[in-house]
Amino acid sequence: MIEHSMLILLGIVAALLTLGTLAAQIGIRTARTEKGIEVAQNLRARMRSWWVMASIFVVSILVGGVTTTVLFAISSFLALREFITLTPTRRGDHRALFWAFFVVIPIQYILIAQERYTAFSIFIPVYAFLLIPARMAAAGETKEFLGRMGRIQWGLMTCVYFISHVPALLTLQIKGYDHSNATLLFFFILIVQVNDVFQYITGKLFGKRPIAPLVSPNKTIAGLLGGLAVSASVGAALSWVTPFSPLAAAGMAFAIAFMGFLGDLTMSAVKRDIGVKDYSQAIPGHGGVLDRLDSLTFAAPLFFHLVRHFYALPV
Amino acid sequence: MIQSVIALTTRIITGCHSRQVGLCAPSGPRVYFANHTSNLDAVVVWSSLPRQCRKNCRIVAARDYWGKTAIRRWLSCRVFHAVLIDRTSVSHRRSPLTAITACLDEGCSVIIFPEGTRGDGDQTAEFKPGLWHIAKARPDVELVPVWIENLSRVLPKGEILPVPIAVAVTLGEPVLREETEDKQSFLDRCRQAMLDLKGVGA
Numbered sequence: 020m021i022e023h024s025m026l027i028l029l030g031i032v033a034a035l036l037t038l039g040t041l042a043a044q045i046g047i048r049t050a051r052t053e054k055g056i057e058v059a060q061n062l063r064a065r066m067r068s069w070w071v072m073a074s075i076f077v078v079s080i081l082v083g084g085v086t087t088t089v090l091f092a093i094s095s096f097l098a099l100r101e102f103i104t105l106t107p108t109r110r111g112d113h114r115a116l117f118w119a120f121f122v123v124i125p126i127q128y129i130l131i132a133q134e135r136y137t138a139f140s141i142f143i144p145v146y147a148f149l150l151i152p153a154r155m156a157a158a159g160e161t162k163e164f165l166g167r168m169g170r171i172q173w174g175l176m177t178c179v180y181f182i183s184h185v186p187a188l189l190t191l192q193i194k195g196y197d198h199s200n201a202t203l204l205f206f207f208i209l210i211v212q213v214n215d216v217f218q219y220i221t222g223k224l225f226g227k228r229p230i231a232p233l234v235s236p237n238k239t240i241a242g243l244l245g246g247l248a249v250s251a252s253v254g255a256a257l258s259w260v261t262p263f264s265p266l267a268a269a270g271m272a273f274a275i276a277f278m279g280f281l282g283d284l285t286m287s288a289v290k291r292d293i294g295v296k297d298y299s300q301a302i303p304g305h306g307g308v309l310d311r312l313d314s315l316t317f318a319a320p321l322f323f324h325l326v327r328h329f330y331a332l333p334v
Numbered sequence: 005m006i007q008s009v010i011a012l013t014t015r016i017i018t019g020c021h022s023r024q025v026g027l028c029a030p031s032g033p034r035v036y037f038a039n040h041t042s043n044l045d046a047v048v049v050w051s052s053l054p055r056q057c058r059k060n061c062r063i064v065a066a067r068d069y070w071g072k073t074a075i076r077r078w079l080s081c082r083v084f085h086a087v088l089i090d091r092t093s094v095s096h097r098r099s100p101l102t103a104i105t106a107c108l109d110e111g112c113s114v115i116i117f118p119e120g121t122r123g124d125g126d127q128t129a130e131f132k133p134g135l136w137h138i139a140k141a142r143p144d145v146e147l148v149p150v151w152i153e154n155l156s157r158v159l160p161k162g163e164i165l166p167v168p169i170a171v172a173v174t175l176g177e178p179v180l181r182e183e184t185e186d187k188q189s190f191l192d193r194c195r196q197a198m199l200d201l202k203g204v205g206a
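Top to bottom, those sequences are chains B and Z.
If you're matching positions, the first sequence starts at 20 in our numbering and goes up one per residue.
If you're matching positions, the second sequence starts at 5 in our numbering and goes up one per residue.
Everything hinted at is true.
Partial chain B-side listing against chain Z, Cβ under 8 angstroms, derived:
id : residue
1  : Arg100
2  : Glu101
3  : Ile103
4  : Thr104
5  : Thr108
6  : Arg110
7  : His113
8  : Leu116
9  : Phe117
10 : Phe120
11 : Ser299
Below 27 angstroms or equal to it, Euclidean Cα-Cα: the simulated DSSO-like pairs (lysine-lysine) are:
id : chain 1 : residue 1 : chain 2 : residue 2
12 : B       : Lys162    : Z       : Lys202
13 : Z       : Lys161    : B       : Lys162
14 : Z       : Lys202    : B       : Lys296
15 : Z       : Lys72     : Z       : Lys59
Here are some chain B residues the structure puts well away from chain Z; computed CB gaps all over 12 angstroms:
id : residue
16 : Gln44
17 : Gly55
18 : Ile56
19 : Leu233
20 : Ile240
21 : Phe273
22 : Leu321
Simulated from the structure, these hints should not be mistaken for laboratory data.
Just so you know, these numbers come straight off a predicted model, no measurement behind them.
We put the CB at the ideal spot given by N, CA and C, even for glycine.
Could you build all of it, start to finish, from the sequences and the hints given here?
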């Protein structure tokens, strides 16, 4: 049986997507300039991808159980693949990479599915951190060793460890919360994506001063503030599906939005370093999987820990 | 059926997709020539071709590798319809060229690796003269350069466990032999056409 609150969240998402799709269609009909048509077509491609992503996510949430965890495990796999594909690796990294993809990812998500908080919290930052470089050292290639090891570890932290904190929300026992944790997970994803979209829109409309022009000229103060304001308001408006009071929900959404901004900014700097604009062209209109998840990677651990610290029953 | 399954599986695992640079629908059989860095090369190029091109496309492969075990024999004969070439005893009578031209005459395209053997992924070896002989024997056949990016990282020489790095396969514009051209400059031009695809659209 689908919860009442979940149905309303689904309705909101469907309404937002329909609105975006209509805007794209109207834009394509009415655009006069070449630039305008291009923007409208890009929006249409984006909206189509949004529908697909939202459907996959919603189905995994509704099926429930371990499905959501598996979905995020697959996302981690795809994100890490994009990251490693673009980052230079050497022959001596081969076995270590094999371990990263086929041992570290499954173990991390199995620990999440088994709700072993301590184990999944330390597995990658401690044990993968120790063993992956050791495997690389055993392979015997020392050229650029420190840099290569750092890249693989950063890939594992962002693409696997941080993303795995989203399904980790399902492991918490929340005090006096009469919805399922899947609803809270839905709330989190919705805020992250709303922030991404509104930061982009307000940035386009009012943005003047870029925050770090060399990293990303599109991230402006106005965009950041707009994203934070809209996210916090949406958070407060949706507080009744969460265990938070309206004020706390606004605060949570604010924290999610701010971390999302930092994630976006940092991953842009990584892209600049590698010399690409997008991580891949896997999702039409958006770029790669990692382009879609960059803000989520930074927001997920903070949200998880805030909820765990202030709202969860001690396990 | 089994072909579609294998092509789809390869695409999912290696993330390979083909990009075409100024290439139109094939007018007849083609020769695809690609850089050779991994045992999976042939399978990846074959899988990433558009479906109508893949249907009658055959792989030219070494008998000493693909004839070795039962599963390799099954794959090479039944799935890829490979043209198996004897690398150990090449004589005038049993020239590999005969097998390839016979295949082209039947209307099938072929995938070949003119470097002859797998490189280390960083360097591209000089081309063996096979391509030149094909171009002379069948001047109207399109020679399509193919660049495979990253596959040496997926499965380097000597490794058995693949790493799922995304592979990109780029198909270029066909190279045609010019009347006055000699063997070496033709081969160099083909090699350059292949190398020019490196990083295109990446």
